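Peer 1: So you can see what is in the structure, the chains are spelled out below.
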Amino acid sequence: MSSSFMGRDVISILDFKRDELEKLFELSDKARRLVNRKLRILEGKVVSLAFFEPSTRTRMSFEVAAKKLGADVVGFSSEESVSVAKGENFADTVRMLDSYSDLIVVRHRLEGAAKFASEIALNPVINGGDGRQHHPTQAMIDLYTVRELFGGIDGLTYAVVGDLRYGRAATSFIYALTLFKPSKIYLASPPILVARPEVTSLLKSRGIDFEELSRLDEVVGEVDVMYVTRVQRERFPDPSEYEKARGAYRITLKLLEKAKRSLKILHPLPKVDEIELQVDSSRHAAYFLQASLGVPVRMALLAMILGGEL
Amino acid sequence: MSSSFMGRDVISILDFKRDELEKLFELSDKARRLVNRKLRILEGKVVSLAFFEPSTRTRMSFEVAAKKLGADVVGFSSEESVSVAKGENFADTVRMLDSYSDLIVVRHRLEGAAKFASEIALNPVINGGDGRQHHPTQAMIDLYTVRELFGGIDGLTYAVVGDLRYGRAATSFIYALTLFKPSKIYLASPPILVARPEVTSLLKSRGIDFEELSRLDEVVGEVDVMYVTRVQRERFPDPSEYEKARGAYRITLKLLEKAKRSLKILHPLPKVDEIELQVDSSRHAAYFLQASLGVPVRMALLAMILGGEL
Amino acid sequence: MSSSFMGRDVISILDFKRDELEKLFELSDKARRLVNRKLRILEGKVVSLAFFEPSTRTRMSFEVAAKKLGADVVGFSSEESVSVAKGENFADTVRMLDSYSDLIVVRHRLEGAAKFASEIALNPVINGGDGRQHHPTQAMIDLYTVRELFGGIDGLTYAVVGDLRYGRAATSFIYALTLFKPSKIYLASPPILVARPEVTSLLKSRGIDFEELSRLDEVVGEVDVMYVTRVQRERFPDPSEYEKARGAYRITLKLLEKAKRSLKILHPLPKVDEIELQVDSSRHAAYFLQASLGVPVRMALLAMILGGEL
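The listed protein sequences derive, respectively, from chains A, B and C. Sequence positions in the first sequence follow the numbering used here and run 103 to 412. Sequence positions in the second sequence follow the numbering used here and run 103 to 412. Sequence positions in the third sequence follow the numbering used here and run 103 to 412.
Because the hints were derived from the structure by calculation, they are not lab data. Keep in mind it's a predicted model, so treat the numbers as computed, not measured. Do not rely on the hints blindly, as some may be mistaken.
You can't tell identical chains apart in this list, so a pair holds if it fits in one copy or across any two.
Claimed, not checked - Below are the DSBU-like pairs computed for lysine-lysine, each with C-alpha atoms no more than 35 angstroms apart in a straight line:
no.: 1; residue 1: 306; residue 2: 140
no.: 2; residue 1: 140; residue 2: 346
no.: 3; residue 1: 346; residue 2: 362
no.: 4; residue 1: 132; residue 2: 283
no.: 5; residue 1: 140; residue 2: 217
no.: 6; residue 1: 346; residue 2: 119
no.: 7; residue 1: 140; residue 2: 125
no.: 8; residue 1: 346; residue 2: 132
no.: 9; residue 1: 356; residue 2: 217
no.: 10; residue 1: 283; residue 2: 360
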């Protein structure tokens with residue numbers, strides 16, 4: 103049944119086919135119905151969380167997902183707390199985790215860390231976010247949220263907003279959309295944070311209608327799904343440039359006056375002030391729902407990879 | 103049976119009635135008898151420990167209590183390790199935990215943090231200590247310890263010693279005593295660390311006989327229960343004032359020569375040097391017993407709130 | 103059956119007799135066959151990990167071992183995260199853990215910390231490494247690895263290499279060998295890091311053939327088991343001395359050209375650059391196997407001490 107996931111590494115969302123993701127979403131539906139029970143399907147399995155870079159949501163939702171399936175969980179939540187601090191090389195740390203556990207979730211600031219780990223480990227490795235491009239399980243949750251809200255992913259107009267250059271969640275979401283048939287994708291970012299050439303090339307080669315924008319307000323009325331990410335101060339050499347960018351990509355109730363009633367806003371969280379607080383209680387806010395779906399989607403993924411029958 | 107606790111938030115000890123606490127203590131007795139067994143009554147439940155301020159005893163005893171009942175536990179033990187460090191607002195962090203778990207224990211340096219969390223979360227919130235006044239589960243353990251030592255809480259003479267102004271455990275203990283019928287309460291503190299007006303007002307309005315003291319030695323012979331807390335150096339603008347205060351409220355074997363044979367000393371721990379080390383092995387020391395009762399009382403509380411039958 | 107281990111503290115490898123270790127190894131064999139199952143033999147037990155000094159491998163393998171046996175695990179992984187930071191004395195921290203759990207694993211930078219903890223705690227204490235001499239469970243794993251590789255521990259020629267003065271794993275390994283009948287032990291270290299007098303005295307008093315060397319290359323052809331440890335820069339007042347020492351005790355493919363085909367290299371890990379990376383994939387590298395045996399040996403030890411039937 104879940105044969106194509108069994109024992110598999112999860113490095114990039116682009117490694118997956120549309121029908122595989124649809125299978126994952128069906129199992130996620132099932133996981134949601136079972137979410138209040140303690141299951142035993144991964145009993146005897148150990149999941150390692152190797153978070154070389156801190157993360158609350160990804161780490162905790164993987165931990166909850168694994169435990170609900172009956173697995174044991176060990177790991178660390180920052181580089182400081184491990185022997186890496188003594189100068190141990192990454193490969194040796196991965197080998198250790200591989201010998202103690204049945205699956206490793208890796209989070210790392212460096213591009214390619216998860217891929218490298220998967221080449222060393224005998225057991226499956228899941229990329230919990232590395233570098234600037236890949237956060238495949240976040241993209242799975244994002245797509246599943248859209249499917250939940252709209253009944254499907256195809257035929258919708260998307261706007262991906264904020265830091266498209268360094269933000270791994272935004273980039274993974276765009277990659278994920280290329281596996282489906284979006285009606286149009288707007289890429290709205292400050293000029294110094296536009297999407298990387300490999301992203302726009304891929305969109306072109308897959309024949310997806312997209313447009314890069316430096317203003318969001320002109321298109322907001324067309325959009326069904328707005329995917330918002332943070333614009334970090336550190337990216338801007340000039341503070342006044344940052345202030346300008348911040349204003350232009352901030353989601354406010356005023357901006358949303360022009361939006362469709364059915365517009366839904368996603369955000370990988372944590373958010374700081376890129377979404378006005380009043381938006382949280384509007385009909386458009388879907389990011390808390392999105393966050394809550396992290397557990398069932400990760401339950402489904404863990405079960406499929408480790409071979410448990412949900 | 104435990105209907106008044108079911109699904110309830112635990113913010114302040116003053117939210118409870120005497121008979122509710124007595125019910126809790128009866129269940130704590132039962133939990134002590136079961137403490138060496140793995141129970142399954144909270145199986146399928148997840149407890150989040152959201153410790154924005156570090157704590158060893160409170161965090162670990164909640165963790166042990168939840169696990170002994172069969173619940174899974176996730177969380178963090180300091181602000182640095184979570185997305186709060188990235189600037190995420192407290193409400194968003196609480197919403198995340200609320201969607202991942204069935205109950206949140208919050209510890210925070212700010213007054214009102216637990217109350218605020220309980221207004222956001224759909225699931226119950228337990229205050230694991232916030233601000234300067236509230237640490238309700240510590241007060242439950244303290245009262246339960248007195249009941250264990252003396253067979254009851256009424257009719258005894260209490261001295262609460264140390265920092266009554268900023269110490270949340272001391273203040274919560276005084277609040278807790280107002281739900282019972284103490285014979286007398288002495289409040290012994292340096293002048294700059296006297297109990298807050300809201301505390302003394304409450305004692306008056308509930309008709310409790312109390313007296314504020316700046317010297318402990320004169321009344322030590324009358325006291326049944328001495329509740330000692332730390333006097334922190336940082337509270338004193340002048341180091342020599344600190345040294346004087348420290349000496350006057352330090353519990354020594356010499357001071358205890360004047361005490362009743364049956365006097366028992368409580369302390370929420372950790373202690374530094376406010377109790378002479380030799381006192382640890384005296385007949386008066388009850389603080390290690392008190393610490394050990396943290397697990398069964400918290401087991402009983404978790405079971406009652408989450409609806410498990412102990 | 104496991105009566106001599108039941109309820110016992112594990113402070114130094116020298117507290118054990120050869121036949122006790124052999125019993126442990128037999129049970130470790132059994133644990134390896136059960137390692138993919140969730141056992142329930144320690145269900146209802148709580149194991150505390152009190153790591154006052156960070157460690158990844160020791161902490162995580164104890165955690166995995168305890169959980170695989172069905173125990174719950176609580177604890178901390180550095181001094182900063184506990185009340186020790188508030189000035190609590192070590193004895194009070196140990197008393198707390200003792201009242202919350204059934205067994206404490208202590209790791210501490212100070213010599214004697216585990217022994218002191220065992221005098222305070224009512225429950226058994228396992229030394230997870232303290233000071234400069236004792237890391238008994240590492241020694242158990244090391245011996246078990248030799249037994250796995252060579253079918254036994256007696257009659258082999260050993261070289262222990264690196265920091266023999268401050269390295270607790272190396273010293274514990276030498277101590278452990280005195281319980282068996284090695285053919286010969288070479289102790290190869292820079293002059294300022296030679297083995298302590300108590301170590302060489304013990305070797306003499308037990309009639310073990312040993313030789314202290316400052317060059318490794320001359321004897322490499324005779325050795326069956328080479329136990330390598332890190333030479334830390336901080337031990338050397340003069341950087342040029344460090345560079346010299348580092349070169350002389352570094353294990354390279356070139357050095358190994360002179361070795362027996364059957365030579366096996368052990369290392370307690372983490373390693374930095376004391377073993378050339380290419381050695382990792384040679385026939386001689388046994389340190390990844392050694393690391394992986396940490397879980398079953400610790401499973402066997404926990405089961406024997408806490409009285410569970412594996």
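Peer 1: Against each hint, give a clear statement of whether it holds in the structure.
Peer 2: Evaluated hints:
1. 306 to 140: neither (45 angstroms within a copy, 50 angstroms between copies)
2. 140 to 346: Neither. Shortest intra-copy (49 angstroms) and inter-copy (56 angstroms) distances fail the 35 angstroms Cα cut-off.
3. 346 to 362: For residue 346 and residue 362, only the intra-copy Cα distance (26 angstroms) is at most 35 angstroms; the inter-copy one is 69 angstroms.
4. 132 to 283: Only inside one copy: residue 132 and residue 283 sit 25 angstroms apart there, 54 angstroms across copies, limit 35 angstroms.
5. 140 to 217: both (32 angstroms within a copy, 30 angstroms between copies)
6. 346 to 119: neither (39 angstroms within a copy, 55 angstroms between copies)
7. 140 to 125: Both: 23 angstroms inside a chain and 29 angstroms across chains, each within 35 angstroms.
8. 346 to 132: Neither, since 45 angstroms and 63 angstroms both go past 35 angstroms.
9. 356 to 217: So residue 356 and residue 217 pass the 35 angstroms test across copies only (31 angstroms; inside, 43 angstroms).
10. 283 to 360: Only inside one copy: residue 283 and residue 360 sit 25 angstroms apart there, 63 angstroms across copies, limit 35 angstroms.
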